[in-house]
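Undergrad: Chains as they are written, first to last, in this note's numbering: chain Z, 48 to 368; chain P, 2 to 251.
Hints may be right or wrong, so weigh each one.
[Unchecked claim] In silico DSSO-like links for lysine-lysine, alpha-carbon gap of 30 angstroms or less:
#, chain 1, residue 1, chain 2, residue 2
1, Z, K172, P, K183
2, P, K183, P, K16
3, P, K77, Z, K270
4, Z, K172, P, K16
5, P, K53, P, K77
6, P, K124, Z, K270
7, P, K64, P, K24
8, P, K53, Z, K270
9, Z, K363, Z, K210
10, Z, K172, P, K15
11, P, K124, P, K64
12, P, K183, P, K15
13, P, K233, P, K216
Rather than coming from a laboratory, the hints here were simulated on the basis of the structure.
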Amino acid sequence: MKRRINIWLVCGLMGVVVVVAMCVCASIGVVAFDWGSLTESPIFWNLRLPRVILSVVVGAALSVCGAVYQSVFRNPLTDPYVLGISSGASLGAAIAILMGWEAWLWGVGGMALCTALLTILLIFKVASIGNRMHTTTLLLTGVCLTFLITAVISLIMALRQDKMESIIFWTMGSFASASWLEIWILLPVVALGLGVVLYYSKDLNLLLAGSEVAQSLGVEVEKVRRRLLFFTTLMVAFCVSTCGVIGFVGLVVPHGVRMVCGSDNRRIVPVSVFAGGLLMLICDTLARTLIPPNELPVGSITSLIGAPMFIYLLYKSKRTL
Amino acid sequence: MIDIRHLGYSYGHKKILEDINLKVPSGSLCAIMGPNGCGKTTLLRCIANLLKPERGEVWVDGKNVQDYPTRLLAQKIAFVQQHPQTDFEFSAFETVLMGRNPYQRHLQNESQEDWDIVERCMKQTNTWHLRMALPSQMSGGELQRVMIARALAQETPLLLLDEPTSNLDIAHQFDIMRLLRKINEDEGKTILIVVHDLNLALHYCPHSVLLHEHKLFFDGTTEDALTPERIKRVFGVEAEVANGYLLVNG
Chain Z
48 MKRRINIWLV CGLMGVVVVV AMCVCASIGV VAFDWGSLTE SPIFWNLRLP RVILSVVVGA
108 ALSVCGAVYQ SVFRNPLTDP YVLGISSGAS LGAAIAILMG WEAWLWGVGG MALCTALLTI
168 LLIFKVASIG NRMHTTTLLL TGVCLTFLIT AVISLIMALR QDKMESIIFW TMGSFASASW
228 LEIWILLPVV ALGLGVVLYY SKDLNLLLAG SEVAQSLGVE VEKVRRRLLF FTTLMVAFCV
288 STCGVIGFVG LVVPHGVRMV CGSDNRRIVP VSVFAGGLLM LICDTLARTL IPPNELPVGS
348 ITSLIGAPMF IYLLYKSKRT L
Chain P
2 MIDIRHLGYS YGHKKILEDI NLKVPSGSLC AIMGPNGCGK TTLLRCIANL LKPERGEVWV
62 DGKNVQDYPT RLLAQKIAFV QQHPQTDFEF SAFETVLMGR NPYQRHLQNE SQEDWDIVER
122 CMKQTNTWHL RMALPSQMSG GELQRVMIAR ALAQETPLLL LDEPTSNLDI AHQFDIMRLL
182 RKINEDEGKT ILIVVHDLNL ALHYCPHSVL LHEHKLFFDG TTEDALTPER IKRVFGVEAE
242 VANGYLLVNG
């Protein structure tokens, strides 16, 4: 019981850290504020604050999705980006923009969800051998799908050059267009998804021990796996539809958390929420402040951290490949 | 009690089990024997509902195993795999604690009772000193004992083990069989073991099932099962019993 109290204490403390970091990050930028005039500034209320909140929500969601994929696929090298699920979602978003469905509240997100689910189904079909996922096939499928989808998106862009700019935005990843509306669309989806993942976090541990073991220990493997994959893909799709494809967060954060607090997903999931939010917040703040007044794509910052980590993990686990 | 009726299973066109009819009474310690590929593991998996039989049914305690909710079945049957997976980073204690899962709700943490049961099962299998060790730090025999501890922590009346002694040296083979017999005698658990070593079966398991060419060949006491004639038929080798030991002549 002692361990459990600690985890909530840790989460509480991390929550405080995230809130403080949000305040600090919201106050720095091209336009400087003094704390007294903060409450009157529309830049703070309508640009900075939604952007800061959105980055935390997206960071938290992508990290938890990474943790779930790693357990469900029993593979430390998976995350929404590496598997091509983010790209799959961006294809849906691009199609929705092309069809002019941005006007509908859930239009872009819904379409992103459809293509992301198709992507994950395809991955399952190609990479599963019986009950097991073959590591090499899994990663190669993800890579190939990413190539394929990038090609399709390039085609769409070439055909509809008037929509090019908004589609490029989706493939690069950015929080620049953050608004309160986007937060209200994303927040319930992420809250629901996180709730489902937390609910099944103990089952995730058992899935990690193998699906046959999980079933003989009372987990309804197929049902749990399907639900987890659906709700995480839902989160990924809506994150991608608000801020585009941001890579490697789902890979870096769960691994970092695992190094500190062990393999138990009941600890990894809640801690990843805060750690992922914090990391994304810092990355986005760097993206918009490093070369003022221009902005870097936040995806490139996360990739700068994530890609070397991926190579390190690949190196470490090459025995099993 | 296990009641298997007309059980049949095949992988694609390859028949694995054909019309198996078998009753295993409660409290028996039963060895399942037969040559490689005769369907021993498949039989065990069908009983544990890890495979759905193509034909026939498996009944446990008066109910078809397929009709049990997964959690309830996990309170009835514990299954120990032949090759435990070792590519995850849970300590031995955490691994055994997973055995308590069938009794916990979602979001519910382990109670003091669960911790006590885990401690008892680990001491019983002589793995308590390994509680902080990761799978990669344990030997084959230690890992096998941890897996048996997890199955014991499930507190099921029925225990299925798929070749628990394979890959172990002779001393550890005896250790594990002795442990299983003790559990069977002390707690009255029904235990089914797939065994390759006929002598282990002869010494530790009173009850035996022989599979031959995907069919049930014999069901009865181990002494009756392991006669030279039956061993010749099933395994195709000459054997004799001397001083209570089976001697096989290649």
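Undergrad: Verify the proposed pairing of Z/K172 with P/K15, using a straight-line Cα cut of 30 angstroms.
TA: Answer holds: Z/K172 to P/K15 is near 24 angstroms, not above 30 angstroms.
Undergrad: Given the proposed pairing of P/K53 with Z/K270, does the C-alpha separation stay at or below 30 angstroms?
TA: Since the Cα atoms of P/K53 and Z/K270 sit roughly 16 angstroms apart, the hinted pair holds (cutoff 30 angstroms).
Undergrad: Would the pair Z/K172 and P/K183 pass a check requiring their Cα atoms to be no farther apart than 30 angstroms?
TA: Distance of about 46 angstroms is beyond 30 angstroms: violated.
Undergrad: CA of Z/K172 to CA of P/K16, is that 30 angstroms or under?
TA: Cα-Cα ~26 angstroms, so holds.
Undergrad: Run the distance test for P/K53 versus P/K77: straight-line Cα separation, threshold 30 angstroms.
TA: Between P/K53 and P/K77 the Cα gap is close to 17 angstroms, so the pair holds against 30 angstroms.
Undergrad: Is the hinted pair P/K124 and Z/K270 satisfied, with a Cα-Cα distance of at most 30 angstroms?
TA: violated, 35 angstroms
Undergrad: Are the Cα positions of P/K183 and P/K16 separated by 30 angstroms at most?
TA: violated, 36 angstroms
Undergrad: Would you mind confirming whether the straight-line C-alpha gap from P/K183 to P/K15 stays at or under 30 angstroms?
TA: Given pair P/K183, P/K15 is violated - Cα atoms ~38 angstroms apart, limit 30 angstroms.
Undergrad: Taking 30 angstroms as the top limit, are the C-alpha atoms of P/K124 and P/K64 close enough?
TA: Violated: P/K124 and P/K64 sit about 33 angstroms apart, past 30 angstroms.
Undergrad: Please verify whether Z/K363 and Z/K210 have alpha carbons no more than 30 angstroms apart.
TA: Violated, at roughly 42 angstroms.
Undergrad: Below or equal to 30 angstroms on CA atoms is what counts here, so check P/K77 against Z/K270.
TA: holds, 21 angstroms
Undergrad: Would the hint linking P/K233 and P/K216 be met if the CA-CA limit is 30 angstroms?
TA: holds, 16 angstroms
Checked against the numbered hints listed earlier, the structure breaks hints 1, 2, 6, 9, 11, 12; every other hint is satisfied.
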